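Trainee: Got chain A sorted already, so can you dock chains B, C, D, E, F, G, H, I and J onto it with the hints?
Protein chains: 10
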Amino acid sequence: MQPILSKSVAADLVVAARICKGLTWAGIAESIGAPLVWTTAALLGQHPMTEEQAAAVCALLDLDDTVAESLRLQPSRGADPAKLSDPTVYRLVEAVSVYGPALKELIHEEFGDGIMSAINFNIDIARRPHPDGDRVVITLDGKFLDYRW
Amino acid sequence: MQPILSKSVAADLVVAARICKGLTWAGIAESIGAPLVWTTAALLGQHPMTEEQAAAVCALLDLDDTVAESLRLQPSRGADPAKLSDPTVYRLVEAVSVYGPALKELIHEEFGDGIMSAINFNIDIARRPHPDGDRVVITLDGKFLDYRW
Amino acid sequence: MQPILSKSVAADLVVAARICKGLTWAGIAESIGAPLVWTTAALLGQHPMTEEQAAAVCALLDLDDTVAESLRLQPSRGADPAKLSDPTVYRLVEAVSVYGPALKELIHEEFGDGIMSAINFNIDIARRPHPDGDRVVITLDGKFLDYRW
Amino acid sequence: MQPILSKSVAADLVVAARICKGLTWAGIAESIGAPLVWTTAALLGQHPMTEEQAAAVCALLDLDDTVAESLRLQPSRGADPAKLSDPTVYRLVEAVSVYGPALKELIHEEFGDGIMSAINFNIDIARRPHPDGDRVVITLDGKFLDYRW
Amino acid sequence: MQPILSKSVAADLVVAARICKGLTWAGIAESIGAPLVWTTAALLGQHPMTEEQAAAVCALLDLDDTVAESLRLQPSRGADPAKLSDPTVYRLVEAVSVYGPALKELIHEEFGDGIMSAINFNIDIARRPHPDGDRVVITLDGKFLDYRW
Amino acid sequence: MQPILSKSVAADLVVAARICKGLTWAGIAESIGAPLVWTTAALLGQHPMTEEQAAAVCALLDLDDTVAESLRLQPSRGADPAKLSDPTVYRLVEAVSVYGPALKELIHEEFGDGIMSAINFNIDIARRPHPDGDRVVITLDGKFLDYRW
Amino acid sequence: MQPILSKSVAADLVVAARICKGLTWAGIAESIGAPLVWTTAALLGQHPMTEEQAAAVCALLDLDDTVAESLRLQPSRGADPAKLSDPTVYRLVEAVSVYGPALKELIHEEFGDGIMSAINFNIDIARRPHPDGDRVVITLDGKFLDYRW
Amino acid sequence: MQPILSKSVAADLVVAARICKGLTWAGIAESIGAPLVWTTAALLGQHPMTEEQAAAVCALLDLDDTVAESLRLQPSRGADPAKLSDPTVYRLVEAVSVYGPALKELIHEEFGDGIMSAINFNIDIARRPHPDGDRVVITLDGKFLDYRW
Amino acid sequence: MQPILSKSVAADLVVAARICKGLTWAGIAESIGAPLVWTTAALLGQHPMTEEQAAAVCALLDLDDTVAESLRLQPSRGADPAKLSDPTVYRLVEAVSVYGPALKELIHEEFGDGIMSAINFNIDIARRPHPDGDRVVITLDGKFLDYRW
Amino acid sequence: MQPILSKSVAADLVVAARICKGLTWAGIAESIGAPLVWTTAALLGQHPMTEEQAAAVCALLDLDDTVAESLRLQPSRGADPAKLSDPTVYRLVEAVSVYGPALKELIHEEFGDGIMSAINFNIDIARRPHPDGDRVVITLDGKFLDYRW
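Residue numbers (this note's numbering), protein chains in the order written: chain A, 10 to 158; chain B, 10 to 158; chain C, 10 to 158; chain D, 10 to 158; chain E, 10 to 158; chain F, 10 to 158; chain G, 10 to 158; chain H, 10 to 158; chain I, 10 to 158; chain J, 10 to 158.
Where hints are given, some of them may not hold.
[Stated by the list, open to error] PhoX-like mimics (lysine-lysine), calculated; alpha carbons at most 20 Å apart, straight line:
1) E:Lys92 <-> I:Lys92
2) B:Lys92 <-> C:Lys30
3) I:Lys92 <-> G:Lys92
Since the hints were derived computationally from the structure, they do not count as laboratory data.
Please read all numbers here as calculations on a predicted model, not as lab measurements.
Chain A with its partners taken away, still in its complex shape (with noise of 0.2 Å):
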C-alpha cells in the first residue's frame, strides 16, 4: 500500500505536463467544461475534482492514474504563506489591507451584519482592452450570509 500522490506533487506534474503539451490553462478548463479560475485552482490542488474531470485532464495531459487519484482528493486549503509574497499574489493582500475595513462598512450598509460566502462563490478574471494598458478584471461573487442564531 502506498499513500495517495500529494497534491502539490500532483500538482507539479500537471504543470510540468501542460508546459510541455504546449497547453494553456484555458483550454484545459473548456476541455473538461468547467470554470477557468476554479479548474486552476483545482489543478493546483485547492478543489477536488470528480472522477469524470480528473480523468479527462489526466488524458490531455498524458498523466496516469495516479495523478487523477489524487487530483480527486479532499484537499486541505490554503497557500503556502511563502506564495503570498510573490508580487504578483501580493497586490491581491494589499488590496485587502487597505480596501477590506471599507467593504466591510458597504457591507453592513447594504446587506447587514453578515459576510459574503467564500464558500457559495465564485471568482472571475479578465482583460479589459484599455488605451493606457490593458487591465485586470478580477470579480469576486459569493451569497450573502447574514448573522442568523
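Mentor: The following block gives chains B, C, D, E, F, G, H, I and J in isolation, referenced to the frame of chain A:
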C-alpha cells in the same frame, strides 16, 4: 503647535457623526461626487482627500477643521492586522489564500510576466439579486504592469 | 463631536454593572428574550444589539445612552489573541487542534465538500449532571454550506 | 533496527487504503466498536490504539504490521498549524475566537472558577435535517474541573 | 458607573503597598491563611480571591474597596509573553523546553495516556540548604487525568 | 566519511528498540545507574552520554555503534516548538505562564536578586497516591545563583 | 523634571508645523544646508541633529525648545514594522526581497567577502523625466567593508 | 512525466557550474546581452528567461536541457526570509527600515500620492573609487505610479 | 496609594536629567562607585539599586524620591524587542547569530558540557586606539557552569 | 553537474571527522595558522576559506575535495534560529537583551553616533582561572564606525 489629528481618530469621529446624522457611506460619496469604495476607504484613513472633498465632508457631518486637516493628510496605508481576522474581512483573506496562486497563473497566461497594479486600480461593490439569496459582487480592476527592465 | 464609546470600554462597564447589581448573564439574556451565549457575546462586543435590546440592557444595568449606542455598533469581531491562552478558553483551542482534522474528514464524509457555517450558526452551553462530576456540554450548530461555484 | 513508522505516514496509508477499499470512517469506527470522532482522530494520529483496535483496523484495510505498530504508539498531539487555516477547520477556530470569552464567562457563572476538561472529554458530530439546509451539529462534552489547590 | 479596576493595576497597587509597608508575600499569605504561591499568584492577578481574602489583604495593606473588588474578579489567566523572557522566569521556560518531552514519556510510562492537571494542581517553593550554595526547590503537584472518552 | 547519526534519528531508534524489547525508561535508567529523568532526556537527545553509558544502553537495546556514537554527541538542546503544544507538555507551559511571575517574586523574596539555575539543576517525577486519583509530582531543584558582578 | 519629548512626538509636531507653514522637506533641508534624505530622516527621528541644526529648524517652524532638545537626542533607529507595509515603503522591501541575494552575489564578485556599509552611507532621491512617465531614482552609496579579522 | 526542476535546484546547479568554469556573473550577463543584476537575479530564480537566454546560459555552463527548462519557468518571487538576515543583505533591509519613511515623504513631496514601481523597475550596482575605501553604489530606478482611481 | 513609578518612566527621567545636567554615564557610575556597564544598565531599568545607590544618583541628578524608589525595584529584565533592531544594538545580535554556534563548540571543548553564566557575569566596554580607527572592545566575563545533576 | 555540497552538510562531515580523528578545534586552527573562533565559525559554515586553508583542513581530516570546495564557498551567514535557544548560546542572547541598550548608550558617550562594526571585527574566547570556578571570557573587538553621510 499641536500634532495634526491622527487619521484613526478622525475616522472614529467621522463614523460617530455619520451614525448620529443618519447618513450612509453611499450618501456621503454621492455628496462629494467620488466613488463609493474610494470615499469610504479615504474616510477610514486610506486615501488623502483634496481640500474641497475634506471641507465638503466636514460640512455635511458638522465636523470641525481639525478633522478636515487630518482627512487631507498623506496616509500610511494598510489595515491593523487584528482587523483582518474579523469574519467579514477574513473571507477576502481566505479567497486570496485559496485562489491567489491560480489567479497568478492566469494573469501570466493572459498578459505575460507581471502584476495587476494595486495603485492604478479601482474596486467596486454591488448587490446582485439572486433567487437563492442576494450576492455580494466585488470587482477589482487594475492596470496590468509587465516586468519591464 | 465625540467618537462612540468603544465596544471594549462598553463591555467593561457592562461587566462592572452586572457584578455591582448582582445579576447573572442568564438573567440578562432572559430579560431581553435572547439566547444565552448570543447575549453574553454581544455584551462582550461580538454582536450588534438592536435599539430595543441595547436600551433594555442599559435600563436593567443603570447604564447611560453612550453605552447603549456602543452596544448597537457593528463590531470588528474576534478575541484579543492574549485571551485565547487563558486556560478556560485554551481548552477549546486545544480541542480544535486535536480534533479539527478529524471533524473535517467527517463533515466531508457525511455532507460532501464544504463547511459548517460560523455565520448561520448558534452555540449553546449546558450543565450535564454526572456522578463523577458534572460536565460542560457545548453544542455548535451551523448550516452546512457546500462549495458551490 | 528501524524507527517505528511515524504516525503521519501511517495516517497517509490509512487514508489511501480507506479510499481504495471504499470504506467510510463511520464503517471503520463501527467495525472496531469505538466512537466515530475518536476513531477518526486516532487513525489521523491523535490517539494511541490498543493492540486489538490496531490489528482490527489493519486487517480491515489490508495494512501490514508496521502500520499497526505505529497506530499503537503514544502520539505527540495537535494539528500542524497550516491545517488550521483550511476553511472547514478554520470555521471552528473562528467560532472559538468569537465565542470563547463568552463561553468562559458562562462556565464561570454556572460552575465557578475552572475549565471544561479537554482530556476527560468527548466530541460528537451529527447531521440535523433542516428545511433551509441540513446542519452540522458538533457536541463537546467535558468534565468540569474546578481550580482546586 | 466606572469599570472595575483592572487586575494589573490592582497588582501594581498591591506591590507598591507591600513594599511601602515592609511586608513579605509570605507574611501576607500567612495573614489570610492561604498557600504562599497561590496567594502571590492571586495578588498578581492569576486567581480570584474570596470576599474575605480580598478584604483582609486590603485591610493589611491599607488599600481601598476598589482594589478589593478587583482582587475578587475572575481573571483572564496567563503571563504577558514579555515577562517570560525575564531571566528568572526564563529558566523555568528553558527547563520545560529541555525536559518536557522526557517528562511526557515518563508520565505515559507510569500513568498511561493522559496529563498532569494544571487545574487540580498546586505548586510550592522552598529553600534547600546546601554546602555548595542553597537551592531553589519547586514542586508541581497535579492530579493525573487519563484521556477518557 | 559519513556525518554522525543525528540525535533525533538516534532517539527514534532508541524509542523503537525500547518498545520492541518491552523495556521501560525506568529499567534503562536503572541499568546504567543514572537518574530517571536525566536518562530519558539524554536518550531523547538533550544530554550527551559518556562512552560507558552509551555502550551500555546500546547493548541493552541491541543498537549498533552508530547510535552509541550519536548518544555521546554534544547536543543542541531544546524541544521542537511543535512538541510544546502537545497537551501533556502544554500543561507545564501553562503552569509556567500562570505561576512564573509569582515564583519570580518568591525567589527574590527568599534569596534576593537572582535565578534558579537550569544547569546546576535536576528534576524528578513521582507518583503520589491519592484517594481522589493519584497525582503526578514533579520536583525542580536548582542552585540559586545571585546576580553577582 | 520631565522626560524629554519623544522623537515620535517631536516628528508629529514637525510634520504639523511644516504643513501649516507650507514648507517643503527640500526647503527645510536647504535652509540648514544638510542633505535632503538625511534631513527628512533626522526630523522623522532617525538621526540626531546638532544644536545649530535643531535650533534652525525650530526657528523656521516656530517650534519651541522642547522640540529642539528632542531633535538632538540620540535615536533608537528603525521603522515601526507597521510602516513597512505601507505600499510606498513596501515596494522598497519587495525590491530587497527580489534582488537582495543577487546584489549579494555581485558585491562579493566585485569587492570580495564583505558588505556595503549602512553607516558610512548616504542615500539620495531624484526625479528622472521619461516620456512614458517620470521615474523615481534612489541611489544608495555605502563604503565597502571587507570581513577583516 | 517528471516535475520540472525547481528553480532553487537549477540555481544551485548554475552556481556550481559558474564556479567550476571560473566564470563571473558579469561575464554571463554580457554573453547573453542582458543587464547584470537582472541576469544574476534570473539565474537565482527571480525572473523567467526566454528560450534563447536559457539555452545560451546552459551552453556556456555545460548544463543540460532540464536546467534550461527550469530557467524559463515563471517564478514565485521573493527571498527565503532566512537569507535576509545574512549581513550583506541585511544592510539593505536596515537601510529601508531607517530611511523608508523619509523616502516615502520625499516621493509624495516630489511626485504626489503614489509609489515607485518595483515592476517597471531596474536596479544597477557599481563600484565608485574613493580614497577612504571604494564604495558600493546601488541605483533603484522605477517608474512613478500615482494612485489613480 | 499610587503604583511605584515604572522603571521605564524612571529611566526616561534619568536620561533627561543626565543630559540637562551635562553629566556622563561614566561620571554617574564613578560617583556611586559602581561599574560602568552595570550602572548604566541599572539606570535603564535592568538591575535594582541599593537604597544608597538610588539616593546618591537622585541627589546628583536632582530627581525626587519617587524615582529613587523605582530604581530600587526588582526589575523584569530584557529589552523591548524593537530596541534590538537599532543598528548599534543589532551588530551585537548579528555577532551572536554568526559566532554563537562556534562559541558553543569552543566552550564545550575547553570546559566540557555547560554554559557561561549570564548571572555570575560582568561586562565591560573600552576604547582601543588603532591607527585605522579606534575600536570598541566589549568583554563578557561569566563563570562557567557545568551541567551537573 | 552536481550542486556544490551545502555548507551545513560540509560542517556535519567536518564535525564527524574531527571527533573520529580525536582532534580539537584549537588543533585545527593552529594547523592552518588561523584564529580559533574564526576557524571554528568558518568550518561551521560562517566564513569562506581560502583554497589553501580548505585543502589543509581536508588533508588533516581525511575529507575529500567536495568538502574543500564547499568550505571555500561564499556563505549566507547567520544561525538557524532554533540554535539560538540552546542554553549555551542563549546566555549570549540574554546578555545582549539585558545589556544591549546600556552598551549602546556607552558607545555613543565614548565614540559619538555610530556602531561597533561586526565586519571589521574579531572575537576571542579564553579561560580565566578563578578560585570560585573558572570563567569564560569572550572579547568582541570591532572598529568604531561613525554615522557619516
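Trainee: Decide, hint by hint, whether the structure agrees.
Mentor: To see whether the hints hold, each was checked on the structure:
1. Proposed proximity of lysine 92 of chain E and lysine 92 of chain I is supported: the alpha carbons are some 16 Å apart, at most 20 Å.
2. A C-alpha spacing of about 34 Å is found between lysine 92 of chain B and lysine 30 of chain C, which places the hinted pair above 20 Å, so the restraint is violated.
3. Annotation: proposed proximity of lysine 92 of chain I to lysine 92 of chain G holds, straight-line Cα distance about 16 Å (limit 20 Å).
Of the numbered hints given earlier, the model fails hint 2 alone.
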